[in-house]
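There are 2 protein chains.
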Amino acid sequence: MHSPPTRNDEDRVRLSAVLEFVGRRWIGAILLGLGHGPTRFGEIQRQAPGLSARMLTVRLRELEAAGLVERAVEPTMPVTVRYRLTQQGEDLLRSLQGLADYGRRWGLPAG
Amino acid sequence: MHSPPTRNDEDRVRLSAVLEFVGRRWIGAILLGLGHGPTRFGEIQRQAPGLSARMLTVRLRELEAAGLVERAVEPTMPVTVRYRLTQQGEDLLRSLQGLADYGRRWGLPAG
Numbered sequence: 001m002h003s004p005p006t007r008n009d010e011d012r013v014r015l016s017a018v019l020e021f022v023g024r025r026w027i028g029a030i031l032l033g034l035g036h037g038p039t040r041f042g043e044i045q046r047q048a049p050g051l052s053a054r055m056l057t058v059r060l061r062e063l064e065a066a067g068l069v070e071r072a073v074e075p076t077m078p079v080t081v082r083y084r085l086t087q088q089g090e091d092l093l094r095s096l097q098g099l100a101d102y103g104r105r106w107g108l109p110a111g
Numbered sequence: 001m002h003s004p005p006t007r008n009d010e011d012r013v014r015l016s017a018v019l020e021f022v023g024r025r026w027i028g029a030i031l032l033g034l035g036h037g038p039t040r041f042g043e044i045q046r047q048a049p050g051l052s053a054r055m056l057t058v059r060l061r062e063l064e065a066a067g068l069v070e071r072a073v074e075p076t077m078p079v080t081v082r083y084r085l086t087q088q089g090e091d092l093l094r095s096l097q098g099l100a101d102y103g104r105r106w107g108l109p110a111g
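Residue numbers (the UniProt record's numbering), protein chains in the order written: chain A, 1 to 111; chain B, 1 to 111.
There could be a bad hint or two in this list.
[What the hints assert, rightly or not] Among the chain B residues that face chain A by a calculated CB cut under 7 angstroms, a handful are:
#1 G23
#2 S52
#3 E74
#4 L92
#5 L96
#6 A110
[Claimed, not checked] Cβ pair distances, simulated, as ranges:
#7 A:T80 with B:G42: 56 to 62 angstroms
#8 A:D9 with B:E10: 20 to 26 angstroms
#9 B:E64 with A:E43: 38 to 44 angstroms
#10 B:M55 with A:V58: 40 to 46 angstroms
Since the hints were made in silico from the structure, they are not lab data.
If you're wondering where the values come from, they're calculated on a predicted model, not measured in any experiment.
Where is the CB? At the ideal position from N, CA and C, for every residue including glycine.
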């Protein structure tokens, strides 16, 4: 049996909180949708079939409040808004690699 | 910008599904509670303050249905039931290492 990923209670509380945040419906899909650099609202939505504009707006606000996503506003007429991962957001996306590999090995979770 | 953890749409669907499963309230805490080997119901609950017996029962059933946890029944009088991670469950727990390290670097998610 390998040693669990957490060393103490504080670790466990943090991991559980991170899991419950990143596990919120659509958060994973949106982070992945931003994985290739600054992306417009419509393009994020296009990459996540079933994601409504209302839900994407709510989740982007949560991701911005969590310091994971920021807006890049270009001074075109009208302005162009793109969303991009912050350094912390990129770190979180990289941290999902283990779970992406797990998903490749075992497929969609049953139950 | 590092390459995102997923290579194609199938990967993205799987990762989103894994995240939404492992992000369900208490699933992470229960997996961690089983990280040291076969564990009794009460001991899992003790390690996750706030987790009710009813919710633990529901989540254990989901984890068993997903092939991540199994029961070990010892023929004592009365019988002793312990829950343990299957090979797939251990693999999932190991796959959380990246997120545990992320949690250590950035702390509890805001927002």
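We went through each hint and held it up to the structure:
no., hint, in the structure
1, G23, "holds (1 angstroms)"
2, S52, "violated (16 angstroms)"
3, E74, "violated (18 angstroms)"
4, L92, "holds (6 angstroms)"
5, L96, "holds (5 angstroms)"
6, A110, "holds (5 angstroms)"
7, A:T80 with B:G42: 56 to 62 angstroms, "holds (57 angstroms)"
8, A:D9 with B:E10: 20 to 26 angstroms, "violated (37 angstroms)"
9, B:E64 with A:E43: 38 to 44 angstroms, "holds (40 angstroms)"
10, B:M55 with A:V58: 40 to 46 angstroms, "violated (26 angstroms)"
Against the hints set out earlier in the document, violations occur for numbers 2, 3, 8 and 10.
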